[in-house]
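Chemist: Just so you know, the sequences run in chain order A and B. My numbering puts the first sequence at residues 16 to 279. My numbering puts the second sequence at residues 302 to 549.
Simulated from the structure, these hints should not be mistaken for lab results. Note that beta-carbon positions come from the ideal geometry of N, C-alpha and C, so glycine has one too. Keep in mind that a hint or two might mislead.
Stated by the list, open to error - Interface residues of chain B toward chain A, partial, derived using beta-carbon atoms under 7 Å:
#1 Ser380
#2 Ser406
#3 Val410
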Amino acid sequence: MRWNALISDFKKSVVVARYTFAELYRSKIMINIVLLGLFLLVACFVAAEFTYGVPQKVAIDFGLGGLSIAAVGIALLMGSTLLAKDVESRTIYMVLSRPISRHGFLFGKVLGMAGILLINVLSLGLLSFFVYWVLGGKIHFLFFWALLFSFMESLLVLLIVILWSTFSNQVISIIATFSLFTVGHAVNDALANSFVTRNPSLFKFAHFYSLFFPNFSKINIKDFVLYKQMLPASYLIGALSYSLMYSLFLFTLTAYIFNRKNLD
Amino acid sequence: MIEFCHISKSFRTDFWARPINALTDVSFQLSSKEVTGFLGANGSGKTTTLKILMHFISASAGEVVYAPELGKTFLEIVSNIGYMPERPYFYSNLTGREFLFYMGSLNEVKMPLLRERVSRWGERLQIAHALDRKINNYSKGMLQRLGLVSILLHGPQLLILDEPLSGVDPIGRKEMKAALDEIHKEGKTIFFSSHIVPDIEEICTSVVVLEEGKVRYSGPVDALLGRNSNKKEGPSLEDMVYKLGKLP
Ligand SMILES: Nc1ncnc2c1ncn2[C@@H]1O[C@H](COP(=O)(O)OP(=O)(O)OP(=O)(O)O)[C@@H](O)[C@H]1O
Ligand SMILES: [Mg+2]
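Here chain A stands alone, though its shape is the one from the complex (with noise of 0.2 Å):
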């Protein structure tokens, strides 16, 4: 019985981001991903020429950063409108006065968003392996990884903003959640740092943020592969599974959250 209607929820979770993932596809947003992609391989073409040594790298850096902005940019801008737009549409009311749980409306939503996320990711990145592939380099398997992590990168952001637009405004969320994202990123950078580990207590609020904040620094693997270093299989698996970890810690609270939530 339980399992019967968790299954009805689950597939009405997937109607709902069928056509959430239809609606963005259609708007703006993706004409965005479009245009910075044309940017990104005129700029790619255009700094290779200038570099000497190694072009190719210099496609690959461009491109695995630029991907990166502009999921990161994607994600902020539709996690922080989802809450908010369909409230003041009333488009939530429409929804939710059908037979599906909000965790389940919740969780159709970030699916469509996600896929939103991946098509982006995977189009721009594999336009940068191309021109990196052209201009001579060879692809690396390490390549795919950081795609993946890119993607992961992308949902973690997109899941802390929802869950900040569950109790402010569009602005704060985004503030907020940038501000995560860019201490993130330097959390195993100021662990290293020797100012840091001299300091005992700055060295414990680091490690303590580490532990419960989302680290952004273990699923950026750019330096690896621009580098062409190796990295063992355990460290990808681990921290693999930690962004899938933290990613249903978030989405886990942020329902706990809507599903007590006013509508109004």
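Let chain A serve as the given structure and place chain B with the ligands on it in line with the hints.
Modeler: Chain B with the ligands in isolation, oriented as in the chain A frame:
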């Protein structure tokens, strides 16, 4: 079919401000297979009441009791209800048809039946010609029509409509009222809010009058007018409601 028991709701706009009492001790019943009008001035608390009924917001006190025939769990209950919010806007980049398919799929209406109902109600409510256009090009009245179609797709027992007639042109109002009448004759229960008295007088059998968050009257329209159901003279509902409002 649904009973409101001593519902109160207060909103706290600011931390330091005094809470606003939107609803105070609201109690009334919706009888099944009747068309009940929900009458009240702007800001009297109609939308708030309907939002509590749909569990979008929680009441500060009191409870809503749903008849067992609607279902046991809230998800079951809600699958027998069609709810239209006030001034619906919906998704902009979907076409009308896609939106209807979206809503119908959430109610688990199977495809062939869904297609048939979309075309039947689309035609009936004069929106079929625009269904393949994107919703962001729709006018206010077209959105209302689309909204009404979207809540009829799963054949709900109970329709809850928040000002379904606002923004609709005179011919549209006539069509929508005729459609509501037809649905009523199929044995469905309808509850709709409005601040336009003649609309309610025309199609409702019962009425709930709300004023500043309190129920002023609830019962048959005819009893309010003090006349027999077959004798259509006497004071108009408009006068009666006006008098109700003047009571201390
Ligand atoms: N989210 C909210 N926060 C604070 N006050 C609110 C909120 N929602 C409604 N109110 C207040 O509750 C009262 C009732 O509002 P409601 O929207 O239910 O009125 P209504 O009868 O639907 O009016 P209308 O005919 O204009 O639609 C109003 O005084 C309104 O200001
Ligand atoms: Mg209202």
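Chemist: Each hint should be assessed against the structure and marked as holding or not.
Modeler: Evaluated hints:
no., hint, in the structure
1, Ser380, "holds (4 Å)"
2, Ser406, "holds (5 Å)"
3, Val410, "violated (11 Å)"
Comparing the model with each numbered hint stated earlier shows that hint 3 is the single one that does not hold.
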